[in-house]
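Asks: Top to bottom, those sequences are chains A and B.
Residues in the first sequence are numbered consecutively from -16, following the working numbering.
Residues in the second sequence are numbered consecutively from -16, following the working numbering.
One or more hints might be untrue.
Because identical chains share one entry, a pair is satisfied inside a single copy or across any pair of copies.
[Unchecked claim] With a Cα cut of at most 20 angstroms, we get these calculated EDC-like pairs of lysine to aspartate or glutamate:
(1) Lys(-2) to Glu187
(2) Lys65 to Asp243
(3) Lys231 to Asp251
(4) Lys(-2) to Glu276
(5) Lys128 to Glu80
(6) Lys231 to Glu144
Rather than coming from a laboratory, the hints here were simulated on the basis of the structure.
Now for the letters of each chain:
Protein chains: 2
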Amino acid sequence: MNEQHYAAIEAGGTKFRVAVARGRDIVADTTIPTTAPDETLGAAIDFIRSWGDVDAAGIACFGPLDLEPTSPSYGSVTQTPKPGWSNVPVLDAVRSELGIPAAIEVDVGGAALGEWRWGAAQGLRHFIYITVGTGFGAGLFIDGKVHHGMGHPEMGHIALERVPGDDYPGNCPFHGACLEGMAAGPAIGDRWGAPSAELGNRPEVWNLEATYLAQALRTFTYVAAPERILLGGGVMQQDGLIDLVRSKLVNQLNGYTTHDLLRGSVEDYVVAPAFGQDAGLIGAIALAMDAAES
Amino acid sequence: MNEQHYAAIEAGGTKFRVAVARGRDIVADTTIPTTAPDETLGAAIDFIRSWGDVDAAGIACFGPLDLEPTSPSYGSVTQTPKPGWSNVPVLDAVRSELGIPAAIEVDVGGAALGEWRWGAAQGLRHFIYITVGTGFGAGLFIDGKVHHGMGHPEMGHIALERVPGDDYPGNCPFHGACLEGMAAGPAIGDRWGAPSAELGNRPEVWNLEATYLAQALRTFTYVAAPERILLGGGVMQQDGLIDLVRSKLVNQLNGYTTHDLLRGSVEDYVVAPAFGQDAGLIGAIALAMDAAES
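The shape of chain A in the complex, shown without the other chains (with noise of 0.2 angstroms):
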């Protein structure tokens, strides 16, 4: 039994969540609206230090970061149109403010990794995490590690096949009509004029949402032939959407495939995540915890 204490971060646009670990077990949480870097990070290392003392500390980040070991300003947010945030060093202030070894990850970085630990894609090598929620994000998991070349995966910014029909021009400030300008909650909701919370009795809307997920992913399973896609986030809480998407993947990959799992029903190759919400949480608490070994 791990006995160790551990702050686990999951750095969100919108909001931070921090918590303290014994083991992988959350003992304090709290969240924090994201403001300045400043004034934000103050309040997570004021949390945590209010706990007492923890030995390793996990971030589960907003991106774009430099991951680049050698980098100089590894472990940084890059550029971000987010005010304030281009270029602050996330992983060097908790790191320096607390006095403990640190991690840090992409969010889905992070999430997927904690999947990998505890949740649904224990005992794989490759696999694929995404959220789609008010962005799509995904972390690319490859031979027992989150995967960054060079910089990260951005893969919710795939060119999609329109629809024909579908004249709903996408909402990506760079792309326009990417997957996640097409395929996003607020591209759902910005395509038919309401929250797609409300839309839950539309089937049209669903059958839609379904054709662009379900060609991303056979984009991703032709691009990294992972052994699972784990899919989840605020979108797919629809009901039966991820049904929807499996029976769509099949028929967009249409039998051609290296691998026999993928010519039938597809339901063990995408999966709903274990941690739902809270991936990301979890995760900081796996990359504490590697921390606190390395």
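With chain A held as given, fit chain B onto it using these hints.
Replies: Then chain B, alone, in the frame of chain A:
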């Protein structure tokens, strides 16, 4: 100086190229048409035997292949439309007939390995090797090795955003207007009514081609975050095409990137492979060397 002798087989859909190398230098080679498996593999093995003893063999083979290390059919072609070749145990045949260590990869994976060891991807940890010719082939290299997950990547079959005004339906038998169905050599010929070699002076042909290729490179960049993309194959021999792809890729990314290199010119990001039409055979030599050492 490596003085061992290696057999290298590039097993293609229309022809096999077979070579014997001393170190990485080819000392004898031949080309065999791809007919029935027994006949073609038999001729390849006879050629190698005729040369004398070799220490190991490498095979860069058309796919799909079973590359799961624990699978009883590891190293076999799986389901292919190519008559007679489904479930042919290519690796086992070569290994048992020659009685030497042997290794196999999908053709593009083998080519990637050769480019990494001796060519245009030396020193990198993550890159993508692409060949655009009679098909669209791509090998994903992650963390110092060819990536397979559940099956292997088949990047040519991702969905594409159609360019307005392009009403070509695509010629992929599985997906119609996927990347391969819209942008590989046969699609170019089919769309414009002439082989691509005769379309050199029609800028609209290459403008459209570059648009689709750039879109694909954008998708690969956002999904896999490679450090470089090697872009070769017969179609890429068109004068100026690689520059056009580069400039359109920068437009497609539109400044949304987690790495500064992708903000400006991408001349060091999208590059021609070093070995051109020999990449598969050179890769097979690299595979043989690895087989000899393991």
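Asks: If the cut is 20 angstroms between Cα atoms, do lysine 231 and aspartate 251 qualify within a copy, between copies, both or neither?
Replies: Within one copy only: 15 angstroms inside, 38 angstroms across.
Asks: State whether the alpha carbon distance between lysine 231 and glutamate 144 is at most 20 angstroms within one copy, between copies, both, or neither.
Replies: both (14 angstroms within a copy, 18 angstroms between copies)
Asks: Checking an output row: lysine 65 and aspartate 243, CA cutoff 20 angstroms. Within, between, both or neither?
Replies: Between copies, since 18 angstroms is at most 20 angstroms while 44 angstroms is not.
Asks: Regarding lysine -2 and glutamate 276, is the shortest C-alpha distance of 20 angstroms or less found within a copy, between copies, in both, or in neither?
Replies: neither (28 angstroms within a copy, 53 angstroms between copies)
Asks: One pair to classify: lysine 128 and glutamate 80, alpha carbons no more than 20 angstroms apart. Within, between, both, or neither?
Replies: Cα proximity of lysine 128 and glutamate 80: none, with 28 angstroms in one copy and 39 angstroms across.
Asks: Measure nothing new, just compare the shortest in-copy and cross-copy C-alpha distances for lysine -2 and glutamate 187 to 20 angstroms and report within, between, both or neither.
Replies: neither (33 angstroms within a copy, 49 angstroms between copies)
Of the numbered hints listed earlier, those contradicted by the structure are 1, 4 and 5.
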